[in-house]
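Novice: Chain by chain, the residues run as shown.
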Amino acid sequence: MVTNDDILSILSNKIRITPINISNLVHDQPLRLQGIDSLDISVFIFALEEKYSISIPTSKIGELLSIQDFQSYVNQQLAKVS
Amino acid sequence: MIPNPVIKSIGIFIPENRESNYNLLERFEINEQFITKKIGVETRAIKDKKDETSDLCIKAFHDLCRTSQIDLSQINLLCVVTQNPDQKIPHTAAIVHQKLGLDKSCMTFDISQGCAGFPHGIAIVSALMRDLNFKNALLFTCDPYSKIVNPNDKNTSLLFGDAATATLMTNQDDNCGYTLVNANFGTLQNSYSCLTCTDSLQMSGRDIVSYVLKEVPGSIRELLLNNNLKIQDIDLFVLHQASRTMVELLRENLNVNEETAPFEIMEIGNTVSSSIPIVLKKHVDEKTKKHILISGFGVGFSFASSLLKLVN
Numbered sequence: 013m014v015t016n017d018d019i020l021s022i023l024s025n026k027i028r029i030t031p032i033n034i035s036n037l038v039h040d041q042p043l044r045l046q047g048i049d050s051l052d053i054s055v056f057i058f059a060l061e062e063k064y065s066i067s068i069p070t071s072k073i074g075e076l077l078s079i080q081d082f083q084s085y086v087n088q089q090l091a092k093v094s
Numbered sequence: 030m031i032p033n034p035v036i037k038s039i040g041i042f043i044p045e046n047r048e049s050n051y052n053l054l055e056r057f058e059i060n061e062q063f064i065t066k067k068i069g070v071e072t073r074a075i076k077d078k079k080d081e082t083s084d085l086c087i088k089a090f091h092d093l094c095r096t097s098q099i100d101l102s103q104i105n106l107l108c109v110v111t112q113n114p115d116q117k118i119p120h121t122a123a124i125v126h127q128k129l130g131l132d133k134s135c136m137t138f139d140i141s142q143g144c145a146g147f148p149h150g151i152a153i154v155s156a157l158m159r160d161l162n163f164k165n166a167l168l169f170t171c172d173p174y175s176k177i178v179n180p181n182d183k184n185t186s187l188l189f190g191d192a193a194t195a196t197l198m199t200n201q202d203d204n205c206g207y208t209l210v211n212a213n214f215g216t217l218q219n220s221y222s223c224l225t226c227t228d229s230l231q232m233s234g235r236d237i238v239s240y241v242l243k244e245v246p247g248s249i250r251e252l253l254l255n256n257n258l259k260i261q262d263i264d265l266f267v268l269h270q271a272s273r274t275m276v277e278l279l280r281e282n283l284n285v286n287e288e289t290a291p292f293e294i295m296e297i298g299n300t301v302s303s304s305i306p307i308v309l310k311k312h313v314d315e316k317t318k319k320h321i322l323i324s325g326f327g328v329g330f331s332f333a334s335s336l337l338k339l340v341n
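Protein sequence lines, in the order shown, are assigned to chains A and B.
Numbered according to this note's numbering, the first sequence spans residues 13 to 94.
Numbered according to this note's numbering, the second sequence spans residues 30 to 341.
The following block holds chain B by itself, in its conformation from the complex:
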């Protein structure tokens, strides 16, 4: 029997450079409380201007190598979740493939998804690994919004930070890690204008708040119901780190505490597709939580919730 692929380890890269939201109080006519208690972002991680998306992915890969021994010749699949590619053509995965020097038999593709990108990526990569009997895969996330945020736009310039993650998924007999048990997905009709980018990022915060509260708790509860689990059975909820308010509203709705559904982006900002794996990293390293539920939501308006289970 083919084993289920598992999330073995996660590497992250967060640029050291920070921009402070406290420097923007006057420009946007906001107070400190709005920064700390509402959006929950004091500083944003901003990448070096010369670094492309693929460069950030490579830096996340280097972090991954600190915890995992990786034989590059044995990587069968490389996927990059991004809506901010190095360039329109080729796919960023091909550039990362070249920079890592992977085997020519390795499948490469990008997934165009935003804040729900990581659960989409886990589902797609897991399915391909099972169906094609791939042994090792690398799933990257990277959406450096500093490339597209208009610094004069209050809605977006206080919120987003740059980061990249690299997740190693394996499908071996001695698998130990988190396997995907089940997932659900959705995209709301007539909603895509909530977050768009032609020249620069445009966001309707009001629409996003409304869509999240309407769709995400139901999506999570449906996933639990379909797997005969209750909210209390979940050891950790890793919710997309959209803003402090958004995470707190979901916590209240689900009736879970801060420890069970953490908010951890005060110093880096909302890193879009990377926000879930950044929080997940230490738990994948520790392997103490039996059931973890991850939920991403945003661009599209798309949402995805996935149930992960510890296998050891």
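So here's chain A without its partners, still in its complex pose:
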């Protein structure tokens, strides 16, 4: 099972230049409202797809806003293939 910490670890590796303290992120709040910009999120989503061999369709992006949203979605996708 993928945890919020797993998701945060990937996010922290992919945030480029933006001065964000990952440990201060609120897990159920939209990342965009916590200072993470659209480019960082695009790169982060790609990293999730690669890491877990899943696909996150563009149509889903509007629903995936917070760390928790991403964690739940990744686990749902992994459950489908297991």
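The set of hints was computed from the structure by calculation and includes no laboratory data.
Treat the hints with care, as some may be off.
Heads up, simulated PhoX-like pairs for lysine-lysine below, C-alpha to C-alpha not over 20 Å straight-line [stated by the list, open to error]:
#1 Lys316/B - Lys338/B
#2 Lys243/B - Lys63/A
#3 Lys243/B - Lys26/A
#4 Lys117/B - Lys128/B
#5 Lys338/B - Lys310/B
#6 Lys92/A - Lys63/A
#7 Lys318/B - Lys338/B
#8 Lys338/B - Lys259/B
#9 Lys26/A - Lys66/B
Just a sample of chain A residues kept apart from chain B, beta carbon distances all over 12 Å, derived [unchecked claim]:
#10 Ile22
#11 Tyr85
#12 Ala91
Note that beta-carbon positions come from the ideal geometry of N, C-alpha and C, so glycine has one too.
Chain A is fixed; fit chain B onto it per the hints.
Specialist: Chain B alone, transformed into the frame defined by chain A:
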């Protein structure tokens, strides 16, 4: 034996008029760091409203004439890479042909390709020159996106600039320049909606980031492998100047430094099909790099990587 055609010289035209992204901070709720460190575009070159695509091509041709002596009666082929033609009919190459007063025997055609347009153009023009024994060709690129960008669209209005380039390719016995060694191409299934234009430009930045990272490094590595070369053998990577983030991500993936894969669009913006030849120009003039790899990617989602080698 027929010699291989070479890229002899490149002329460029970048409009003097600039629009600053710093004026858009409030409108798009972004900070200076997003401009400098992420998209890497501080100002965008914007053409004069009255200038058509063909006019920009002619201005790039005038720049080309500063470094090359060109006998217009000896041009056998004229190609314009554009998705923003002067008008739907005729092809822009015919208009440029008329404005330059070229011979009626000169072949003219447009290539509808976006950010991967220059490597597509080099491959097509090189092949035609070899097969038909053409001696001189002019390859233009010009995609003035200011014609189609919606100024209220954050995804696109911070990014794109206008420019045109004119590349002289020759096929003579005393060839000196960069010849095309090999290339690979691709268009991803189910991806064309990433960048479209019906009324105005629409771009899914997230899709493009994903497609680039999935496809482009592999395309470059495959090209190198097929030619028994390693990344370290390439003296210069000219990557499509999509944004600072995109170029930096590719640099990291390929493990090359800034000098080997430069990013040079802070003052002009992403000029689509012209971004590669604009960076390439000074290196074609200097002729010091032995192997240059160019890679374009974007509209389609199409991508193309080409290996160029110095011949002298």
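Novice: For every hint, state whether the structure bears it out.
Specialist: How the hints compare with the structure:
1. Lys316/B - Lys338/B: holds (10 Å)
2. Lys243/B - Lys63/A: holds (13 Å)
3. Lys243/B - Lys26/A: Holds, at about 16 Å.
4. Lys117/B - Lys128/B: holds (18 Å)
5. Lys338/B - Lys310/B: holds (15 Å)
6. Lys92/A - Lys63/A: holds (16 Å)
7. Lys318/B - Lys338/B: Roughly 8 Å separates the two Cα atoms, so the pair holds.
8. Lys338/B - Lys259/B: holds (14 Å)
9. Lys26/A - Lys66/B: holds (14 Å)
10. Ile22: holds (14 Å)
11. Tyr85: holds (15 Å)
12. Ala91: holds (23 Å)
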